[in-house]
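Q: The lines below spell out each chain.
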Amino acid sequence: MSPLALVTAGLVLVSVLVLALAVAIAVVRAVRARRAARARAVAEPLRPLLLEVAVGEGPEAEDAAAALAALDPTGWRSVEPAVLAVLGKVRGDGQRLLVELLAARGVVAGARRDLTARSAVRRATAAELLGAAGYAPAVAELAALLRDGDPEVRLVAARALGRAGAPGAVGTGVEEAPRAAATALLASLAGARPAAPPDVVARSLLLVGTPAAPALLAALAAPEPLVRLTAAEVLGRLGATTAAPALEDLVLRDPVDAVRVRSAAALGRLGVPSATSALRAATTPATASAVRRAAVRSLGEVGDPSSLRCLWGLLDDADGGVADAAAAALLGLGAPGVRLLAQVSSQGASASAAAVARAHEVVTCAVAAEVMPPAGLAEVEAVLADVLARASRGAAAEVAA
Amino acid sequence: MSGADVLGLLADLAGPLALLRPEPSTWGLFGHTVRGTVVVLVQLLAWPVLLYVLAINSSYLVLIGLAGADMGRYLRRARIRGVEDASASPLTQSVSVVMPAFDEEASVVGSVSAMLALRHPRHEVVVVDDGSTDATFALLREAFDLVEVPRRLPADVPVRGAVRSVHVPRGGRSPLVVVRKDNGGRADAVNAGINAARHELVCITDADSVLDPDALLTVSRPFADDPLRVVATGGAVRAVNGSELVGGRVVGVRMPSGWTARFQVVEYLRAFCVGRAGWSRLQSLVLISGAFGMYRRDVLVEVGGLDATCIGEDFELTLRLHRYMREAGRDHRVVFVPEPASWTEVPATAAVLARQRRRWQRGLAETLWRHRRMVGNPRYGRIGLLALPYYVLFELVAPVVELVGVVLTPLAVGLGVVPWEAALLLMALCYGYAVVVTVAALLVEELSFHRSQRWRDLGRGLAAAVLENFGHRQLTALWRVQGLWSLLRGQRQVWGAMDRQGLAAAGAPSQVRLPDTAQLAGPVRRRAGSEVLR
Numbered sequence: 079m080s081p082l083a084l085v086t087a088g089l090v091l092v093s094v095l096v097l098a099l100a101v102a103i104a105v106v107r108a109v110r111a112r113r114a115a116r117a118r119a120v121a122e123p124l125r126p127l128l129l130e131v132a133v134g135e136g137p138e139a140e141d142a143a144a145a146l147a148a149l150d151p152t153g154w155r156s157v158e159p160a161v162l163a164v165l166g167k168v169r170g171d172g173q174r175l176l177v178e179l180l181a182a183r184g185v186v187a188g189a190r191r192d193l194t195a196r197s198a199v200r201r202a203t204a205a206e207l208l209g210a211a212g213y214a215p216a217v218a219e220l221a222a223l224l225r226d227g228d229p230e231v232r233l234v235a236a237r238a239l240g241r242a243g244a245p246g247a248v249g250t251g252v253e254e255a256p257r258a259a260a261t262a263l264l265a266s267l268a269g270a271r272p273a274a275p276p277d278v279v280a281r282s283l284l285l286v287g288t289p290a291a292p293a294l295l296a297a298l299a300a301p302e303p304l305v306r307l308t309a310a311e312v313l314g315r316l317g318a319t320t321a322a323p324a325l326e327d328l329v330l331r332d333p334v335d336a337v338r339v340r341s342a343a344a345l346g347r348l349g350v351p352s353a354t355s356a357l358r359a360a361t362t363p364a365t366a367s368a369v370r371r372a373a374v375r376s377l378g379e380v381g382d383p384s385s386l387r388c389l390w391g392l393l394d395d396a397d398g399g400v401a402d403a404a405a406a407a408l409l410g411l412g413a414p415g416v417r418l419l420a421q422v423s424s425q426g427a428s429a430s431a432a433a434v435a436r437a438h439e440v441v442t443c444a445v446a447a448e449v450m451p452p453a454g455l456a457e458v459e460a461v462l463a464d465v466l467a468r469a470s471r472g473a474a475a476e477v478a479a
Numbered sequence: 352m353s354g355a356d357v358l359g360l361l362a363d364l365a366g367p368l369a370l371l372r373p374e375p376s377t378w379g380l381f382g383h384t385v386r387g388t389v390v391v392l393v394q395l396l397a398w399p400v401l402l403y404v405l406a407i408n409s410s411y412l413v414l415i416g417l418a419g420a421d422m423g424r425y426l427r428r429a430r431i432r433g434v435e436d437a438s439a440s441p442l443t444q445s446v447s448v449v450m451p452a453f454d455e456e457a458s459v460v461g462s463v464s465a466m467l468a469l470r471h472p473r474h475e476v477v478v479v480d481d482g483s484t485d486a487t488f489a490l491l492r493e494a495f496d497l498v499e500v501p502r503r504l505p506a507d508v509p510v511r512g513a514v515r516s517v518h519v520p521r522g523g524r525s526p527l528v529v530v531r532k533d534n535g536g537r538a539d540a541v542n543a544g545i546n547a548a549r550h551e552l553v554c555i556t557d558a559d560s561v562l563d564p565d566a567l568l569t570v571s572r573p574f575a576d577d578p579l580r581v582v583a584t585g586g587a588v589r590a591v592n593g594s595e596l597v598g599g600r601v602v603g604v605r606m607p608s609g610w611t612a613r614f615q616v617v618e619y620l621r622a623f624c625v626g627r628a629g630w631s632r633l634q635s636l637v638l639i640s641g642a643f644g645m646y647r648r649d650v651l652v653e654v655g656g657l658d659a660t661c662i663g664e665d666f667e668l669t670l671r672l673h674r675y676m677r678e679a680g681r682d683h684r685v686v687f688v689p690e691p692a693s694w695t696e697v698p699a700t701a702a703v704l705a706r707q708r709r710r711w712q713r714g715l716a717e718t719l720w721r722h723r724r725m726v727g728n729p730r731y732g733r734i735g736l737l738a739l740p741y742y743v744l745f746e747l748v749a750p751v752v753e754l755v756g757v758v759l760t761p762l763a764v765g766l767g768v769v770p771w772e773a774a775l776l777l778m779a780l781c782y783g784y785a786v787v788v789t790v791a792a793l794l795v796e797e798l799s800f801h802r803s804q805r806w807r808d809l810g811r812g813l814a815a816a817v818l819e820n821f822g823h824r825q826l827t828a829l830w831r832v833q834g835l836w837s838l839l840r841g842q843r844q845v846w847g848a849m850d851r852q853g854l855a856a857a858g859a860p861s862q863v864r865l866p867d868t869a870q871l872a873g874p875v876r877r878r879a880g881s882e883v884l885r
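From first to last, the protein sequence lines are chains A and B. For the first sequence, the working numbering gives the first residue as 79, with consecutive numbering after it. For the second sequence, the working numbering gives the first residue as 352, with consecutive numbering after it.
Careful, some of the hints might be misleading.
Okay, the calculated beta carbon distance ranges per label pair [unchecked claim]:
(1) Arg492(B) / Pro383(A): 31 to 41 angstroms
(2) Arg805(B) / Glu254(A): 53 to 63 angstroms
(3) Glu379(A) / Arg723(B): 26 to 36 angstroms
(4) Ala486(B) / Ala479(A): 51 to 61 angstroms
(5) Gln634(B) / Leu95(A): 22 to 32 angstroms
(6) Ala145(A) / Arg492(B): 52 to 62 angstroms
(7) Pro452(A) / Arg424(B): 51 to 61 angstroms
(8) Arg473(B) / Glu253(A): 26 to 36 angstroms
(9) Ala701(B) / Glu379(A): 52 to 62 angstroms
(10) Pro740(B) / Val105(A): 37 to 47 angstroms
(11) Glu122(A) / Arg492(B): 42 to 52 angstroms
(12) Val602(B) / Thr319(A): 43 to 53 angstroms
(13) Val602(B) / Ala102(A): 24 to 34 angstroms
Simulated from the structure, these hints should not be mistaken for laboratory data. Each residue gets a CB set at the ideal place from its N, CA and C atoms; glycine is no exception.
One chain only, chain B, in its complex shape (with noise of 0.2 angstroms):
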């Protein structure tokens, strides 16, 4: 957007300055010189490139604002929640916490120690170990005494990874189910999970997730206030690099050393804000992020549990509950619990970060395009007229936009088309607008929550308010076109595969697999499935 910016108001200001004045000959030499092009490039995506900008800055602003107002009314009922009576409540609604795992040694039974350990009057562990190839079910089993029970599970929603085996603790002691499985992906270990569930409510979270003691608590409580309409529900998301950590609670918030990780730390803060609280204001909520999710688990099987072919499963699955619920004529609503209740580990290197930036924006297109009927359907009130052109127009688009820009202004001053000074001048003005965005975040972050306490930290966190704008911005766009052209790319093998899956209809399971998916050699290994920052 920043370096979209810089091309859209150069390009305004170009005439009247009389700084760009490209030669007449250039004009009728489109495509002979790179200037003639960039100039041409220049004039032709001015104004549609500038009025982008504006919007979508100024979207993002009214999304804090509704945060806050979202994030103010949530406050102010604090002390009438009732978190309280819930947890004593022989009526609380049972949860399934769901927790698919795949090669999670190093951490999956502290993990699972504290899922057990949240408040909760009625809750059970379901562990599904998605064909690791490590210790993760040893140590599980050492740890929480499991012994192998010959249990079938139900087919409530279809899994593809053969189920291998079930397991409980001894006796009875804990209420934990660890379910084997051939490998499949973390779509299929969480379809699994569904099947093995046995409360009314699934939650669906990471084995690398820390849980809040009051999580499955707050988030649970928008079912019992609304129990006819309430169908999902999602928690805020915090980035836990760096925090200090005990018996598996965050007991500390604090920023996590290497810049990568702050400037996530301050995305997520950003993007929960706009994201989430403003989209959940408008009753408009399509994204229920993988690492904390809380689902009906009727609905859950109706409408098939979640798309083991899709790269942005719980997009798509946010998406689809929204469709399911419209088209059968329900009544229903998507509740967004700003409450931080789950806090994930983000990626610390640029390269991790790179696969992850690229694999979101590709399940957001490959979503978006799976239910293009939707977009700017009335029949889809709020979702079909707001949320999804929006998700189009800023989410989709921005990367592209944005990665034009980066590109054609360095190069627009290099030809001398533009002078620095100009350039310069708006670059600092575009970016800056980004920092009031994140800054009025942080704002919104301190008069709510507060989470983190120290002086240094809040320094750090308005340093990589400004500094994400040098260089990690440009590369997420970057990452994310990335995405966009692996989807492209990738769309004519998947058509192919789709004419063989008619043919396969009657027979064997489907073959569909993209190549994103496939490319990761050997077992599928994808956690917190797909988000979409903002």
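Just chain A, with the same shape it has in the complex (with noise of 0.2 angstroms):
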């Protein structure tokens, strides 16, 4: 062949192939828009009944929860897609119909066999279902598939198991699911690397919620730090006030300081007075930095009076975040906190110079912001009206003199 016929050849390949490329494109386009008008076009008609079932209200909604169950295959194909849509947005009877439904057409079982299928892609797939669906007697299969091979599964299986183990689950073993779901979500962050990204794990017990307290307690004690660091967050979030004497035990001794940050962290959450003391106690320098920013922060939000004392002494900490978390928090303390703020910032008070130009920061982002309550603005103008009559009667004296 010579040169020449080889280039022509080439010319040749790459024309048919673009051209084959072009058509390619074409003919996806066009057979995607067409099955697109072909479903809507059945599927249209039957949205009103999916609608009626998500609602769950009434006979009616039995009626079109049948009416779904009777369609042919080719009706059920087009709705199907509407239906997993709606799945794990609805809750109550819509839900309770709506997995009755999945059930009566197959899909319930199908997606628990898929549980076991080869593809990861389907197993994960079955798993999301099973979790939109809120169905619990899928949970100890779900529990299961926290084991899985594929990092992918593991997630959607953790994220499942959160629905499937909340409160607002249907089917068999509703009573057991939630603390079979915790321990399971707990167990998956132990070993050497978690079976599941931990704040995935984390959501997941809180949407199973109160029900979780008892095996979340018993985690803060686990040796793997993770699984304490994810326990006394999600407690703080459940606001589990029982928890309370533990999350300040591990803030005060726990070796790992990110265990000890959301510990405190947790204990701002749950606002208890009691706290105050191990939260001040974490303050001191030779605590790490991390973990009395956490304290520092978590004393504002539990608000008792008695912490006032401690932050103003943090005002002018050689570490400056503690410093900047100490004037937040006596701001977020209200009054009392922005009086002595603003006494501090007119220098009423005796502080560092540090300690003057951070309250000063604080209280006059706060009022030009207009994020002041009008408590504080008026412990603010008080403060301001003091210090001007002392200045005045200075002023004064000095003039007598």
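Assembling the complex is the task here: the two chains are given apart, and the hints tell you how they should meet.
A: Okay, structure coming up:
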């Protein structure tokens, strides 16, 4: 073959390729548009039925569910994506009816089968569906999936457990589901590497809610820092005040700083005044900076007057982050904290230059941005009036002298 | 490439076809006659250029294949991604969107409103007014009822232009902070924004970028999925020209009216296919676009933020992140999210485009030079052994080779060294190969996100894939070579400045100013920092 013929052949090949690719694009687009139009045409009349089921009220909902359950395969195929899309967005009777519908159409059984499919995407998709359905009977299978070889599948399983173990879940075994889900989720964080991202696990534990509290309390004593840390975080967000003593203990004594930080933050969320002394103890300079900052912030959130003095002393701390947090915490304490800040800022209270500057900054920022509550504003005005009065008295005395 | 293709194949064919039969006398006259020189050059460059062309085009096809696989993987997981969950979770990592603005009065209020309205449970918007000379700040103050607060910003990363004031909306109505500072260029403004950012993740974007409503959620997702390793993520950037915008959101994707912009629409599609998704699949992503990237704030602070002395500051930052993490022995990942998240306005005129391409190429070269130690160095893993050598070989050098081909081929035809029929045939073949690459990228887009719906626009896209080879590609190569040239010219001055930097190290801040940056009279205006298509 001569080189010229080779070039010509190449040119023909390239042209054919370009044409083939262009045709492929057009075909893909046309097929997609046609499919979408056909699905719309079938699904559109069925949409009111689906809405009726999702609302879940009265015999109409039951009838609509029965109608959808009796659809022929083509009709069901076109409406199924819409059903799956609303799943996880409705609660109560609507959710129950949808899950019953999916069970009647064999979708739930199919998903449970798919939990052991070879394709990771299929396993994950099945777990996602069961989670969105809030299907309590699947908790044990989802828990087993936390040991899956594929990280994505484990992640989806952790997310699904939160919904299947949540109080609103449906199906048999609803009573034991939350505890089982919480235990499995916490166990997934143990081990050298967590089976699922800790924030996903924490979110799921939050969804499980109060039933998870006993497992979470026990987890505060777990040997793995990640488990203690996550349990502390979730307990704080759940408002589990019974956990306060154990959290105080962690703030003061845990060997891992990250755990101490989360425990301090959790105590702040719980807002239990009895935690103030432990939090105050965690602000001493010997403690790690991050722990001190978290403790200071939490002191502001707890809002106990006994922390005023401690926070005042931290306004000129060598650690700028701690000092800033102390100023913000005082502001958060409301009227007494603002009064103290205003006094420091106007140099009425004996304080260092750094403390004065910091107090001034936080007060003026809050006043300028108009985020100061009225009570705080009144305090600032009172202090300023006092300062002015003293200044004028001093001037008068000077004049008299 | 395509011009060089021609050159290579011509010479390859020359002997057997007896197309090229240099007179014996011209051989000895190297440099004496133009014809002789052309003949020698053609003979010398033939094989290397041919191999180069084969390699570069095949590499594009491989990368497009990888990108297709990556996008397929991404799309198959659409239902299990959990974006809904993230938008409602109180544990979702909070994001500070940093938006540098210089003389953006035309669009700034709309952009800020759109960014405040992005879906995310906890995000703030930090606008850095980089010494604007127009009404940018006045408009912001009026629209968001801003009040000045005496807030000091931490000096976590160095900033050159002094921060003048900090403003927040009255009554804390929206999570917005506006920082006013002296002009110092985009990178410097971003650094000031990093200092003002209070959240764990920092999203760096542009004042003229249009983000999709879910952009923050999709691009922050990898941080949540792999919190210990992911340090940076980038989203796909598309050209917004001509598209329909409502309330700062893209609601209808359309082709722009001018061809310059159309070529770039196609280029962006190809570039993000080849350059990002493909490389991300190889876990060797070295470039996150300045128009939309997300970083862990603590890591940004550790590496010292953006380098304001570098033109290609985004490429430089990504590379520095890799280098820093590798040298510290920390396992890390830089992830590309193929979902189109950000839309940017591309230059509609050749003059602006020329400036942009010169700057990009220069930034690329400058950054590669700065981190030359990483190139081919096994210590930096795939980045050092695969991605960077590729960038040097096929990004840095490509425009030079292409330009040589573009100049030599007509010369060879004109001087009768090569018959025009053969030249034309080969040229068609080479540009045809380039069209195959582009149309393959269009197919990947059609199979994956298919954001453009109109048939008319598909036709225009295909036409642009063909027509860009007539002029646009050659001009781009020329501009890129000009960018390289400006760097080579500037190099001497930089060295001189570096001497002074050593002397001044103890006192005044360094005065390193690169000629291209200095050329921009008055305030430094640079948007979308550096970027390299592909």
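Q: Hint by hint, note whether the structure agrees.
A: Comparing the hints with the structure gives:
1. Our hint of 31 to 41 angstroms for Arg492(B) and Pro383(A) holds, since their Cβ atoms are close to 39 angstroms apart.
2. Distance hint for Arg805(B) and Glu254(A): a CB-CB separation of about 55 angstroms, consistent with the stated range 53 to 63 angstroms.
3. A beta carbon spacing of about 51 angstroms between Glu379(A) and Arg723(B) contradicts the range 26 to 36 angstroms that was offered as a hint.
4. Taking 51 to 61 angstroms as the suggested C-beta distance range, the pair Ala486(B) and Ala479(A) conforms, at roughly 55 angstroms.
5. Range check, Gln634(B) to Leu95(A): Cβ separation about 30 angstroms, and the 22 to 32 angstroms hint holds.
6. At about 58 angstroms, the beta-carbon gap between Ala145(A) and Arg492(B) stays in the expected band of 52 to 62 angstroms.
7. At about 56 angstroms, the beta-carbon gap between Pro452(A) and Arg424(B) stays in the expected band of 51 to 61 angstroms.
8. Checking the proposed 26 to 36 angstroms range against Arg473(B) and Glu253(A) shows it holds: the Cβ atoms sit about 35 angstroms from each other.
9. Distance hint check: the CB atoms of Ala701(B) and Glu379(A) are about 59 angstroms apart, consistent with the given range 52 to 62 angstroms.
10. At about 39 angstroms, the beta-carbon gap between Pro740(B) and Val105(A) stays in the expected band of 37 to 47 angstroms.
11. Take Glu122(A) and Arg492(B): their Cβ atoms lie about 49 angstroms apart, and the range 42 to 52 angstroms holds.
12. Checking the proposed 43 to 53 angstroms range against Val602(B) and Thr319(A) shows it holds: the Cβ atoms sit about 49 angstroms from each other.
13. Checked against the hint of 24 to 34 angstroms, the C-beta distance between Val602(B) and Ala102(A) comes to roughly 28 angstroms, which is consistent with it.
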